[in-house]
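Going down the list, the protein sequences come from chains A and B.
Under the working numbering, think of the first position of the first sequence as 17, with each following residue one higher.
Under the working numbering, think of the first position of the second sequence as 121, with each following residue one higher.
No wet-lab data here; the hints were simulated from the structure.
Be aware that a few hints might be false.
[What the hints assert, rightly or not] 27 Å max Cα-Cα, derived DSS-like pairs, lysine-lysine:
no., chain 1, residue 1, chain 2, residue 2
1, B, Lys142, B, Lys160
2, A, Lys58, B, Lys129
3, B, Lys187, A, Lys94
4, A, Lys94, B, Lys139
5, B, Lys161, A, Lys75
6, B, Lys161, B, Lys139
7, A, Lys85, A, Lys124
8, A, Lys58, B, Lys187
[What the hints assert, rightly or not] Far from chain B by the CB rule (all over 10 Å, computed), these chain A residues:
no., residue
9, Asn36
10, Lys74
11, Lys85
12, Thr103
13, Leu115
[As the list claims (entries may be wrong)] Okay, the calculated bits of chain A under chain B, using three or more residues with CB under 8 Å as the criterion:
no., segment
14, 44 to 50
15, 87 to 101
Since the structure is predicted, the reported quantities are computational estimates derived from the model, not experimental observations.
The C-beta atom is built at its ideal place from N, Cα and C for all residues, glycine as well.
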Amino acid sequence: ILNVEQSPQSLHVQEGDSTNFTCSFPSSNFYALHWYRWETAKSPEALFVMTLNGDEKKKGRISATLNTKEGYSYLYIKGSQPEDSATYLCAFKGGGNKLTFGTGTQLKVEL
Amino acid sequence: DTAVSQTPKYLVTQMGNDKSIKCEQNLGHDTMYWYKQDSKKFLKIMFSYNNKELIINETVPNRFSPKSPDKAHLNLHINSLELGDSAVYFCASSPGWQGVRDTQYFGPGTRLTVL
Numbered sequence: 017i018l019n020v021e022q023s024p025q026s027l028h029v030q031e032g033d034s035t036n037f038t039c040s041f042p043s044s045n046f047y048a049l050h051w052y053r054w055e056t057a058k059s060p061e062a063l064f065v066m067t068l069n070g071d072e073k074k075k076g077r078i079s080a081t082l083n084t085k086e087g088y089s090y091l092y093i094k095g096s097q098p099e100d101s102a103t104y105l106c107a108f109k110g111g112g113n114k115l116t117f118g119t120g121t122q123l124k125v126e127l
Numbered sequence: 121d122t123a124v125s126q127t128p129k130y131l132v133t134q135m136g137n138d139k140s141i142k143c144e145q146n147l148g149h150d151t152m153y154w155y156k157q158d159s160k161k162f163l164k165i166m167f168s169y170n171n172k173e174l175i176i177n178e179t180v181p182n183r184f185s186p187k188s189p190d191k192a193h194l195n196l197h198i199n200s201l202e203l204g205d206s207a208v209y210f211c212a213s214s215p216g217w218q219g220v221r222d223t224q225y226f227g228p229g230t231r232l233t234v235l
């Protein structure tokens, strides 16, 4: 059983705050790490796919880093806005070609 | 135009019934998936098909049977529904299944309630 863990489970921040959360995954047999954004009552939407150790991806105010040797990825949001409120999921792709999802970090940005 | 669609969106049924959930994608993808979101909001893979062939078959009761009439459709049939089958079921598709960058695109989910 693959362990993909995300922390914290939930997070409340004020508008304008910067925040970050963690995804931990197996450091062996690594193929890719996916990040998804999941708004309430909608479907998960892909943010990033990361494959190389040291990879950094950026999309607007959201960025992510990857450390495959130690098995973690960080997602950063700069200057959080209420529309950033969502659950952020990471998913590990190993040799089995399937995605194993973490349980997500639920972010709420308050005015 | 919806990329990955599922029908129905809500399904309420009695224990013991047989029901189907349909999924269609218009992205031209080769690979489709069924996930179950459990009570802890965890997305768990159930099945995956690539070009109508089963490639992932996780440990699910054999009351669940996927059917892929063509690569744009993957339906989920559930026999003898049980209370524990109540969950949200998500369909997804991706360009392929072996590429490390194959992003999955999700449907809106079907909330199944078994009474």
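Item checked: Assertion that Lys74 of chain A lies farther than 10 Å from chain B (Cβ) -> holds (17 Å)
Next item on the list: Could you grab the alpha-carbon distance between Lys142 of chain B and Lys160 of chain B and see if it respects the 27 Å cut-off?
Entry: Measuring from Cα to Cα gives roughly 24 Å; hence the hint holds.
Next item on the list: Would you check the hint for Lys94 of chain A and Lys139 of chain B, treating anything up to 27 Å between C-alpha atoms as holding?
Entry: Cα-Cα ~45 Å, so violated.
Check: Does Thr103 of chain A really sit off the interface, with its C-beta more than 10 Å from all C-beta atoms of chain B?
Finding: violated (8 Å)
Notebook entry, point to check: Taking a Cβ-Cβ distance under 8 Å as contact, does the segment 44 to 50 of chain A have three or more residues in contact with chain B?
Noted result: holds (count 3)
Check: Is Lys187 of chain B close enough to Lys94 of chain A, meaning Cα to Cα at most 27 Å?
Finding: Violated, at about 44 Å.
Margin query: Minimum C-beta separation from Leu115 of chain A to chain B exceeding 10 Å: can you confirm that?
Written below: For Leu115 of chain A, whose nearest Cβ neighbour in chain B is about 7 Å away, the distance does not exceed 10 Å, so it is violated.
Next item on the list: Over 10 Å to the closest beta carbon of chain B is the bar; see if Lys85 of chain A clears it.
Entry: Holds, since 17 Å exceeds 10 Å.
Note to self: What's the verdict on Lys161 of chain B and Lys75 of chain A, does the C-alpha distance respect the 27 Å limit or exceed it?
What the structure shows: Cα-Cα ~26 Å, so holds.
Next item on the list: Sort out whether Lys129 of chain B lies within 27 Å of Lys58 of chain A, counting only the CA atoms.
Entry: holds (12 Å)
Margin query: Using a Cβ cutoff of 8 Å, are there at least 3 residues of the segment 87 to 101 of chain A near chain B, or does the coverage claim fail?
Written below: Violated: only 0 residues of the segment 87 to 101 of chain A have a Cβ under 8 Å from chain B.
Next item on the list: Check the non-interface label on Asn36 of chain A: least C-beta distance to chain B beyond 10 Å or not.
Entry: Holds, since 21 Å exceeds 10 Å.
Violated hints, listed in ascending order, are 3, 4, 7, 12, 13, 15; each of the other numbered hints is respected by the structure.
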